[in-house]
Each structure stands twice: as structure tokens, then as C-alpha cells.
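Based on the hints, put chain B in the right spot on chain A.
Chain order of the listed sequences is A and B. Residue numbers are given in the working numbering: position 158 of the first sequence equals residue 161, and the series is strictly consecutive. Residue numbers are given in the working numbering: position 128 of the second sequence equals residue 142, and the series is strictly consecutive.
Note that these hints are calculated values from the structure, not bench results. Just so you know, not all the hints are guaranteed correct.
Said to hold, decoys possible - Calculated cross-link-like contacts (lysine-lysine; reagent style DSS-like; alpha-carbon spacing at most 25 Å):
{"#": "1", "chain 1": "B", "residue 1": "Lys442", "chain 2": "A", "residue 2": "Lys260"}
{"#": "2", "chain 1": "B", "residue 1": "Lys427", "chain 2": "B", "residue 2": "Lys366"}
{"#": "3", "chain 1": "B", "residue 1": "Lys216", "chain 2": "B", "residue 2": "Lys284"}
{"#": "4", "chain 1": "B", "residue 1": "Lys374", "chain 2": "A", "residue 2": "Lys91"}
{"#": "5", "chain 1": "A", "residue 1": "Lys330", "chain 2": "A", "residue 2": "Lys260"}
{"#": "6", "chain 1": "A", "residue 1": "Lys91", "chain 2": "B", "residue 2": "Lys358"}
{"#": "7", "chain 1": "A", "residue 1": "Lys91", "chain 2": "B", "residue 2": "Lys362"}
{"#": "8", "chain 1": "A", "residue 1": "Lys279", "chain 2": "A", "residue 2": "Lys428"}
{"#": "9", "chain 1": "A", "residue 1": "Lys91", "chain 2": "B", "residue 2": "Lys373"}
{"#": "10", "chain 1": "B", "residue 1": "Lys314", "chain 2": "A", "residue 2": "Lys91"}
{"#": "11", "chain 1": "A", "residue 1": "Lys314", "chain 2": "B", "residue 2": "Lys156"}
{"#": "12", "chain 1": "B", "residue 1": "Lys156", "chain 2": "A", "residue 2": "Lys312"}
{"#": "13", "chain 1": "B", "residue 1": "Lys366", "chain 2": "A", "residue 2": "Lys91"}
Stated by the list, open to error - Derived, one-sided and incomplete: chain A residues facing chain B with beta-carbon distance under 10 Å:
{"#": "14", "residue": "Asp43"}
{"#": "15", "residue": "His44"}
{"#": "16", "residue": "Ala85"}
{"#": "17", "residue": "Gly87"}
{"#": "18", "residue": "Asn96"}
{"#": "19", "residue": "Glu100"}
{"#": "20", "residue": "Asp146"}
{"#": "21", "residue": "Met154"}
{"#": "22", "residue": "Pro160"}
{"#": "23", "residue": "Ala262"}
{"#": "24", "residue": "Ser299"}
{"#": "25", "residue": "Leu311"}
{"#": "26", "residue": "Lys314"}
{"#": "27", "residue": "Leu317"}
{"#": "28", "residue": "Ala340"}
{"#": "29", "residue": "Thr374"}
C-beta atoms are modelled at their ideal positions from N, C-alpha and C, and glycine is treated no differently.
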Amino acid sequence: MKIVTGFIVLFWTFMPSVLFAETVTSFDLKNGMQVVVIEDHRVPVVTHMVWYRVGSADEHTGKSGIAHFLEHLMFKGTNTMAPGEFSKIVAANGGQENAFTSFDYTGYYQKVSADRLPLMMKLEADRMQNLILSEEEVLPERDVILEERNMRVENNPSSLLREQRNAMQFFNHRYGVPTIGWRHEIQQLTQQDALDFYKKYYAPNNAILIVAGDTTPDEVRKLAQEYYGVLTPSSNLPERVRTKEPPHLAPLRISMKDARVNQPQMVRTYLADNRKAGDQKEAAALEMLAQLLGGSGITSYLGQELQLKQKVALSVSAFYDGVSLDKDTFGLFIMPAPTVSQQQAEDALDAALNAFLETGVDEAHLTRLKTQAKAGQIYARDSLSGLARRYGAAMTSGLTIEDVQAWPDVLQAVTPIDVMAAAKKVLNANNSVTAWLLPQAEG
Amino acid sequence: MRILLIIVAWMFCTTAVFAETDIQEITTKGGIKVWLVEEHSIPFIALEVSFKGGASLDAPEKAGATYLMAGLLEEGSGDLDATAFSMSTEELAASFGYNAGRDSVSISAQVLTENRTQALALLKQALMDPSFNPVAFERVKKQVLSIIHSNETDPRDIAGRTIRGLGYPNHPYSQPLEGTIDTVQALTVDDIKAAHKGALAKDRMYVSVVGDITAAELGPLLDDLLGGLPATGPKLPVKTEFAAKGGITVVDFDTPQSAAVWAHTGIDLKDPEFFAAYLLNHILGGSGFTARLSHEVREKRGLTYGVYSYLASYDYANVVGGSVASSNDRIKTAIEVIQDEWRKMADKGVTKEELVAAKKYLTGAYPLRFDGNGRIANLLVGMQMQGLPIDYPKTRNDRLNEVTIEEVNAVAKWLLKPDALRFVVVGKPEGLISTD
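Next up, chain A with everything else stripped away, as it sits in the complex:
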């Protein structure tokens, strides 16, 4: 059992992004909808997903939360379907469904017996263009979202602090606004806001269909043409150009006290480059850097230094995702040991980072990481929905299928020099936000 103390958002992007070219096929429909098919015939099941290239970072100022609100409202009926009927039909077919919203994408999926694929396509295609909303559906759902926010954020001091930290890290970019929305803005969202957003962004030429499981490209092509191919593309999709961060000129700090906190902890993030189409080398070096520094507990550099040798931390980790349309972050987490002050812990962390920058990469460690990355390609095949999500997230974040498939090789090609260059660039204090979460009692 891994005793996980600490950081609640565990990115697991290290496992390389696939796979086996022969099992992945892609093509476009005439109306601009992209289609990806991931074949696996072990069991007669398919995962059917539609991803839209729109997320909370595409929202207008003052309307935070509308992308996520709309995601909820997409279950509330169309011209031909009553509210809730979508879910009833999926359930009556033994299907499982859900949806998700992020900064850069919104996605909907169903996992069903392979022979129900046409029905899922019919339902999903219907709600791409025929959504109907009424006040009596919209208002209670807004309350549901406020309760969702209560649960995820208001009741959770580390989530509250994460929102504040992100706002400081991205003070001129929409990544600084939480996907679920600020409470006071959620309260003002209307049915018309949701419909406006829907009409603007929900169209086949802004969507990606991913089908993974017991199917064939031919079958998917035929069905996709029948159900999605007839939808009208939008002629005025907005370009996804977001405001950019100006140069950050000084390290930022925040320290939040909350009576509900018993265990002091710190997260520090730095602005970092994201994976870019055709150019993933720096991101791969950052990925390896995160793994080397703090990706594997006590065997990672910071774990060795701060947990084992100096015993100043109960837990320490480093994280980097890289799949985002715009600039991303590189992060560090530390939970000080009981008798260690926050200053001591942070000083020890900084000293360890400096030492790492001087001593350089342990090549044996890098080799182990590459071995694991290779094996990760094998293990990853065990989870089809995981694979499907990997493609969806990448393709809605400016990457191509080729980028996804090249990623394992790009990771394998990372050299110690690449890692050190990426480290020196990313660990720039002026680009950082250091956020401490502290118990109320603490000085």
C-alpha cells in the first residue's frame, strides 16, 4: 500500500501516450468532425465519447462556470427527448455514462455493449444540435452545481487555496479562473447564457468522436456518417485565442490559514511550456524532470534528500501535465515533518533544488524511468477508456494523433542535457507562486 499523504491531484501522465499504430485509425467526416477508432476485441464492449474543443478557459469574463453548467444541462432534453430521458435510455441498455469539463475541453461518454453503439451515436448526435432548456430544469441544476462547488471547493481548504494560487499564477489568462466557476458568478448564470454558449461551440466541426473497443474503423465510419455526418457544421466557430500572461516579474506568495487544516503543506507552481504539436521535446524533458525530482516517492531525488536523508518532509512530490492548449505549470509539493517549521521545509526544498541543478541527472535513474515508460505502453493497453481519454485530451489541447503516438519515442529520446536545460528554464522564481496551507493556530 502506498501511504499517500498529500497532494490530492495526482497527475498520471507519465505513462506514455500509447501504443500501437495498427489499432488506432482516424478520419474526418465531411462536416469537419474528427473520428478516432481504437480497436480492442477482448470483450464485446465499446466506449463512445464525444469531445468538444471548448472548456472553461474559453468562457467570457463574468460568466465563469458556464462550460460546466452547460455540460450538466446537456442531460435535460431535446426536441424529441424529455428531460432525463437520455440517461434512462442509456441505463435501460445497461450503459454507463458521464461527462466532464476542463479548462480546454468538455466531453461526454457512454460505455455500452458493442451492439448498442448506433443508439449511443443517435442520442449524442441529437443533443449536439437539438438541446432544449426550460427554467424549471435550469434553476434546480444551478443549485446542484452550487452544491457540487460546496463539496469540491468550499468544504475543502486545499481546493480553496488552489483556486487562489491559480488566480495568481495566471493573472491574465483564463486558467486563473476555476472551471467550476466562482460562486458569485455561478449564481448569476442563466438559461440564455447556457444556450448562447451551446450555439457558439457545439457543432460537428468543433467535436471529436472517439470510439474504443470491440468495433472496426469500417463500422464506425458507416455509423458516424449516418448519425453525425448529417449535422450542420458551424460557419463561425470562434478561434481559440486567449489572453496571454505578461512577463511575471517577481515570485508570488500566498499563505492561507483555515481551522479545518491540521497538516501544514505547500504547493509551488511555475509557469511551464506545454506539449506543442510537432514540438514536444521540451515537454518531454519537463515530464522526466518531474519524475526524477518527485515522481516516485522515496526513490526520486527530492524524496531521497528531504524524506530519507534530512527527514524534513513527510511527503514530497513534483508534477507536470503538459497537455493544455496554452502555457501549463510545473509543480512541487511538500508536507513538512512534525517538528519542522514551514521556513525550514521550504529552505530545505530550495537547497535541494539548487543541489540538483548543480549535480545533474542520475543517469541510472533516467534509464529506470525509460524502462517504466516502455512498460507503461503495455499496461496502458489494459484500460481502453484511459487510452480514449488520452487521445481526447490531447486533441482538444492543440495536439494531433501523430503527437500522441510520437510521445513515447520523444520521452525515450530525452537526454540528461535536455532535462537540465528544461530545469534551469522552468525553475525561475519569478514565474512561481508559493502557496502555504496552514492550521489556524499556527503563527
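Here is chain B on its own, set in the frame of chain A:
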């Protein structure tokens, strides 16, 4: 995310594989029984080994010993210290998980075909010869203490602890899995060694393997891996009954959203009416939007993001329970609606349409759970631990379909006891006070 994916504490609903899946039962030369599914398309195996007992074996003053022991299995063995052990695992790209639950300790391993002999030799070291080195012990103990400390201010955790304390006085189920600050502080390396000796014994062991291996190859590997474990272990806990009386317990905690849980006595997995109860619960408060609780509390009134009921049939106690979270000014209404629905269901039962829909969903969703080697290995061990036959996957849907509306409604009458429900509410719930 539209629905919070909840992990149901209870295994039954996940004991499923395709009827056409070929599960072999083999017995190794050394006498170890294992369920095997050969799946050669991906070059790795998933191995699941589970031992009954778990944290329930901890004596009250040693609460947390089993949890800490499981956390220490990966912290060095034989001549390898914690770092060396982890590095060896990384070099083989193997993955070993050690989990201490209330009723069991389990090991989940994924190893590549190309180096499975070395990888399993490493796992064997961890299981048979863990060092429980004092340095690692102190370090991991501090981590566990910080978890316990953090849980003390988590509303949902407080709710769970409170209702277990009320429900299972004088039974290990009342103890937190991780122990308390006091009990964990007092644990010694010897306590951990004792917990290890008791937990991993062959008389309570269940094994399954799914993946790229044949029966002939697997036997010797398993004998080598597990053959040296002790034949017997300590006596398992005794059954208990959920003892809390109907009412409400409010735990004052300053946070905007109250977390509530509720429970009363439940139904045993082996009860002939279990399938009827299973359908009943799905209609009342199962996951998804079609359940009555979700419809009434969430869809119609917007009182919560998630409300669920569940049958929690543990090894030593059975309850019907549920959970909900609503802001402090709305939780009272949410609980009233839940009580109403509970009563309505007990009195009037389900409708024909609801039962048809529930059967369609549950029988259709059954094969979907079979989605990966690791997952299946886990399910097969769960089935064995519940004493289900190897052909269970082939008969399960038929048995579910045979349940009549009369049976469901008869179960609703005796199983659901609205007046016996004990609610625990953690927060600053407006208009709610403890009833006793």
C-alpha cells in the same frame, strides 16, 4: 463531472465477468487454489491475492497495526532497504499494491511476461521477509499519523467514524482502519511483526490471475511465491449487528456544507432474498439519475450534487446505508426527503416499470465491469471470498431476472425501517439537533 464516481464499499456489484469468459480453477502442486483467466493479447499478468481478516484483526489497543504493516511491506526486505527495493521494482517495471481493508489485506500485482519470474521473486521477498526496519517504520508511522490527523477535520470522515462508533460498540468495526493518534503512537516494530504473522496465512487466502500465462506455467510460480506462508492464522472476528437506534446525531463542525450518512441493519450476502434487496436498493438510491433518491433530492429540488443508498454487506455486519451532502441551510430538507422516500418505499414498494428498468440496467451493465486484466483479477478474488461458484457469472443475470415484484416488495417491507434510520450529520445544519 456530471456524476461523482463513487467507489462502492461493497464488492458484490462488481463480481462480474462475461458468461463466455473461461475461468479455470486450478490447484497447484502445493495445494493453492487459484482462479485463472488466460488472456494472451497483452504481455503481462495481473495477480490478486487476498487474505480475510484485515484491520478487523487489530486488537482495540493496537488499532492501525494491520494498516501500517501493509504500508511497510514495500519498505524493504531481505538484503534490500526501502530505496533498493523500490529501485528493483522500478527496474522490472512491475507494480505492486498492498492494501489493508476492514475485512481483508490484499496484494495486487502487475508484472510483465518478460521478467515475471524475477518480479514475483521480489514480491515474495516483500511478503515473506519484510524487514520492518526501524527507520522506515518511524517514517511511515509519521505519514500514517498525518493522515489520521487530517481525517480528523474531514467532514465525511468524521461522519463515517461517528456512525461506526454508534453502530458497532465493542467490535473492531468501530475502530478507524488507520488507528487513532494514540494507538498508532504506541505501536512498535514488534506489533507490526505480529500483525504480519497473523494477516498473511494460507487458511484465509484467495488467489486469482488474469493475463498472459498458462495453467502449467502458473502453478510452480504460485507455489514459490505463496507456498512458504504460514498454514493458519488467528481466529477471525465474530459477527455483530448494527446497534445504533433510529435518530439523528449532529456533530458540530464549522464548514459550509454538511455531510450526512445514515444506516440501519441490512441483509446478508447469502440471504436468498439478497437479489431482491439488490434490485430494491438500485431503484431506491443506486448510482445514476434514475434512482428515486437522486430524482427527488437532486434533479427535482437541487439539494445536492450526490445522494446514494447502498447495501453494505461486510464480513461481520450488514447495513443498508447512504450518504448525502447539502449546504447547512438545506440539509434538513434533504434528510426529510430521504426519510419520506425510505418510508414510501417500505410501504408501497417499487413499480413494475421501475423493476423492469432496474433489471435491464443491472443485467446489461454486468459485462461492462469486465474491463481489464487487473479489474477481472480483483473480481475473481471477490467472488471466491464470498463463496460464489465458478459458474456464477453464467447464472447471475438469470437469477436477477427471476426476481418478482412481490419478492422485492416483501423485502422492502422488512428491510427498510424508516424509524430505525440513524443519521449522522457533520456541519452546522440549520434546524437539526441531536435526538439523543
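Comparing the hints with the structure gives:
no. : hint                : result
1   : B:Lys442 / A:Lys260 : holds, 20 Å
2   : B:Lys427 / B:Lys366 : holds, 17 Å
3   : B:Lys216 / B:Lys284 : holds, 24 Å
4   : B:Lys374 / A:Lys91  : holds, 11 Å
5   : A:Lys330 / A:Lys260 : violated, 29 Å
6   : A:Lys91 / B:Lys358  : holds, 22 Å
7   : A:Lys91 / B:Lys362  : holds, 22 Å
8   : A:Lys279 / A:Lys428 : holds, 17 Å
9   : A:Lys91 / B:Lys373  : holds, 13 Å
10  : B:Lys314 / A:Lys91  : holds, 16 Å
11  : A:Lys314 / B:Lys156 : holds, 11 Å
12  : B:Lys156 / A:Lys312 : holds, 15 Å
13  : B:Lys366 / A:Lys91  : holds, 15 Å
14  : Asp43               : holds, 8 Å
15  : His44               : holds, 8 Å
16  : Ala85               : violated, 12 Å
17  : Gly87               : holds, 6 Å
18  : Asn96               : holds, 6 Å
19  : Glu100              : holds, 8 Å
20  : Asp146              : holds, 3 Å
21  : Met154              : holds, 5 Å
22  : Pro160              : holds, 9 Å
23  : Ala262              : holds, 6 Å
24  : Ser299              : holds, 7 Å
25  : Leu311              : holds, 7 Å
26  : Lys314              : holds, 7 Å
27  : Leu317              : holds, 5 Å
28  : Ala340              : holds, 6 Å
29  : Thr374              : holds, 5 Å
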